[in-house]
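Engineer: Position one of the sequence shown corresponds to residue -19 (my numbering), numbered consecutively onward.
Quick caveat, the hints were computed from the structure, so don't treat them as lab data.
There could be a bad hint or two in this list.
[Said to hold, decoys possible] With a Cα cut of at most 25 angstroms, we get these calculated PhoX-like pairs of lysine-lysine:
1. K81 with K33
2. K36 with K81
3. K36 with K62
4. K74 with K62
5. K20 with K33
6. K62 with K27
7. K62 with K20
8. K36 with K19
9. K27 with K10
10. K36 with K69
11. K33 with K89
12. K81 with K62
13. K19 with K74
14. K27 with K81
15. K69 with K20
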Amino acid sequence: LVFTDGSKWSAVSYATGSVASVDGSSVSSKAPDCQAVEKKPMTVWYKAPSSWKTVKASYRVYSSPEQAGSAAMSEACDGWWKMTIDDTKGARVKVAFTDGKSWDSNGNKSYWASGSSMAVAGGQVIAGVMPNCAVAAKQ
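Given these sequences and hints, build the entire structure.
Structural biologist: Shown next as structure tokens:
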């Protein structure tokens, strides 16, 4: 097998079979034992002003690499809206909210939390909780 980093070529011995893995200068016919990295999602809950008919969250995850995005939130219950960030890698997250006309950005400081969830209401943020939404059984 021959490899290049774009400037230098490196030739290593070859392996037989349908799989070849290279680690430094050693070659193996066995696939590497890669451990899956567990994702760490965060559910963001927001108690919007009653005049808001839609809510969008803009966020930044301070992981390596950093990620930023925005997502429409879905109505959950009792005036609460929610969305989930797929993977925060356990890092701190900052979030601001908009209805497309007005912003709630905590006085331009945003709302900060880490963990599996954050709930924002009335200018306060609490990490690791979710609203007490009653589940109604279908009649």
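Engineer: Work down the list of hints and note, for each, if the structure agrees.
Structural biologist: Hint by hint, here is what the structure shows:
no. : hint         : in the structure
1   : K81 with K33 : holds, 11 angstroms
2   : K36 with K81 : holds, 11 angstroms
3   : K36 with K62 : holds, 10 angstroms
4   : K74 with K62 : holds, 15 angstroms
5   : K20 with K33 : violated, 29 angstroms
6   : K62 with K27 : holds, 9 angstroms
7   : K62 with K20 : holds, 17 angstroms
8   : K36 with K19 : holds, 23 angstroms
9   : K27 with K10 : violated, 53 angstroms
10  : K36 with K69 : holds, 22 angstroms
11  : K33 with K89 : holds, 24 angstroms
12  : K81 with K62 : holds, 19 angstroms
13  : K19 with K74 : holds, 18 angstroms
14  : K27 with K81 : holds, 17 angstroms
15  : K69 with K20 : holds, 5 angstroms
In terms of the numbered hints stated before, the structure departs from hints 5 and 9, listed from lowest to highest.
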